[in-house]
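Engineer: Please build the complex by placing chain H on the supplied structure of chain W, with the hints as guidance.
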Amino acid sequence: MGASKPLRRLAVLVAALLTGGLVGCGVLAPSRRSPGDNELRGVVFLAMGIPNDETIDTELMEGLKVRLAMTLQEFHRIHPQAQVQLQLYSEDRLPQEARLRGAAGTSPDLLLVNDSTAADLHQMGLTRKVRMPVELLRRLDHAAVRRHQSPTGEVSSLPVLLLPQLACFDRRRLPRAPETLDALLADAGRGLRVGLPLDGFNLAWTFGSLGVASSVEELFAGQPATTERRAALGRWLDWLKRADQVPDLNFQLSQSQLVNDLGEGRLDWTSCRSTHLARLRQDLGEHLGIAPLPAGPGGLPTPLSRQRVLAFGRDSSLEQQRVAEAFARFVVRPLTQRNLALQREEVVPVISSLRLPPGRKGTLRLLEFRSGDLQGEAMGRVVSRFLYGDLDQEGAIDGLVRTIQAKPLRP
Amino acid sequence: MDELLREMIAWLGFLSRGPVLTQLLAVPALWLLPGALARWGWLRGPLRRRPWQRGLALLAMASLALALHAGGQPSALLAILAGLLAGWQALALVPQLLAPHVEAHAVQVLTTRLLRPLFLVVALLLLVRLLDNPAVLGLIPLGTWVGSAMTLGSLLGALLLLYVLIMGMEPPTAAVAWLAQRFLGISDGSRRAMAVILHYAVVGLGLLWILDRLGVNRTALVAVAGGLSVGVGFGIKEVVSNFISGLWLLIEGSVRPGDVLIVDGEACQVRRLGPRAAILWRDRDNAELLIPNQTFFTNATVTYTHTDSLRRCQVTVGAAFRHPPAKVISLLERTAASVEGVLPAPPARAFLLSYGDSAIQYAVRFWIASALDNTSTSSAVQQAIWQSFGDNGIEIPYPHQVEISQRGQEPPGSAPGR
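If you read the sequences in order, they're chains W and H. This note's numbering puts the first sequence at residues 265 to 675. This note's numbering puts the second sequence at residues 705 to 1122.
A hint or two may mislead.
Stretch-level coverage of chain W by chain H, calculated; a stretch enters the list once three of its residues show a Cβ under 8 Å from a Cβ in chain H [as the list claims (entries may be wrong)]:
id	segment
1	303 to 309
2	321 to 333
3	344 to 353
4	578 to 592
5	646 to 659
Just so you know, the hints here were simulated from the structure itself, not pulled from any lab data. The structure displayed is predicted, hence computed values, not measured ones. Yeah, the Cβ is synthetic: ideal placement off N, Cα and C, and Gly gets one too.
The following block holds chain W by itself, in its conformation from the complex (with noise of 0.2 Å):
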């Protein structure tokens, strides 16, 4: 009982100092924007994904920050009045984390998430459609953007930084990357230990190579399985089951673990994802060679690029929206977009007409379906099956055609 007292001056203290407060910071004031001013005021949260299998720690903050300093303070310089704060979560508790806040209205204005992880914040109503003009959405890869397009056109988040697939080695056991995949079958031959993913996300890269893109493209499009595309599935099989008979290339079902055995020693070679390199150059330092994914009969690889993109919550004032806006479009103008891909090699600007050094993005050539149509894990198993002998080839080809045509919708 005698816990009341001080419970109501706490109370008259709350509500005095943030009446007091907020008139102070200008919020229940009348605004102070004079007509014609546009000057862009306020603090806006960004929210920014880190990949699961990097861990959140001092090393990787004091990382992240030199990285991001830059672009944060060009941007404070052109807008000396608007902040950019940056908040920092896992990638697979964002979503979670995101729900918990915007049920309180204090969710993030911006997130910088994986291309998968926007579009779940998308379908749980955590963020906003994209507000941009359509000059500047064209100046973007248009594959790339239409990931996150719905048929009506809206857009659900903003393509900042393609992440794509390499692959990655060992130089103390591979002076030189093989770069095309009969090279890489002959090393693997001759005892280069060789490790490929076993999931139609992670392999489709193989498609381009093995010459089948555009057959898997038009399934995609929902085009019938006529008996030219599904010769070219049965190629792609043909390539694995010759690939799965040498003795020192293993399938693994985890791309992550193909990772951990590369950076352990105990593989030589791998595709990885651009997120992989950091963990990487911890445990190979200086010995760790990236280099462009085979080539073959059929042409270049069509590696399925990670998407960094950025999301607008729901809950921003006006103020803190015009802000994230004018963030967003810094962020993908081309000056920006060159700086932030020559600081990290492992990234590839979002601007399909960007110059870049020689042999940056030669290799890249996305393939024209959402990454979530792709059915990874379910093509991973038809894969599966099939090289352990329990598919023959014709089995396993209606079962890829049943996978590719049976592809969830997502906005």
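Structural biologist: Frame of chain W; chain H shown alone:
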């Protein structure tokens, strides 16, 4: 710390959002509203009482949160704040609920030192989670201390763990000591001593573990401890001396919680042996005495509870010369033995002490189980003696003085004019 301050200032940015502001202002407004309504006479009956007003305020907050939620507006901040206020109020009920089962002091310690602080920590973390990622805030560096890179999280975590160890480990260690008493048959005093020693051991080991977890360089720590020992020698030697004395007394078992000691001629019970001082309770006036531990170490101490808790008490009484001493002694022994609280064994014994001026002085000595009951039991024995002497026709004589004076002569020593 600057970084944390910057983060916290940035959180003010959330106040530019209308729904956040609404929820934040609603809490103090609704909390104060019932009180104001009662003052203006708009609330009648039981609603004029403070607990009802608080319930009304919480109900209003919950209703507003529900209404906001139904209208598709954010409401979790309001709901959480209302929940926290309700939780805080509910904590006030804990002492009432535990009172029949747990002693008042333990309940007070539990609520004020453990439950309320823990509640505040959880509430703070919950609120911070609505604004930022507490785990990442915990990574804010605070510099390097004793060879260890300290972060906000590691420091707060270590302090919290230490606090919980010190405040929260008392019940578990008491439970272990209780089990030891059940299985090994140790005395109550030993059980309490064991509980305190276990508590100190757990806190000590926990402290080492926390320092290790913080990555504190052990060599540097030893060097710092060496340097500090000089300062300790001059500055806080009394504190250290008392702490070591307390530990030693517990290990030796010479003074333990529950023991009865004589301090300034009064029997006092040791309530608690703290790190600096022992807390003794004096029955006569219900006073608590804080006596530095080293006092017991350097001064002679009279205790009734070192090997057993029996106390031998003595009551003296005079009987007229005409009564045979054997009869009086026998009556005294029988009378003392019949009083409640006097132990049958060892039996009560009476003695003829001396032949006084007006009576023969007798003493009856009897044993009681609890040293603190001396005064009450002695009083009961004296009352019983008065009764039994009366019943048996034994006179407790008044002092007799024979004054002889000759006519015309003043008694020796008398002053003129008296």
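Engineer: Which hints from the list above does the structure break, by number from lowest to highest?
Structural biologist: Hint 5 contradicted; others consistent.
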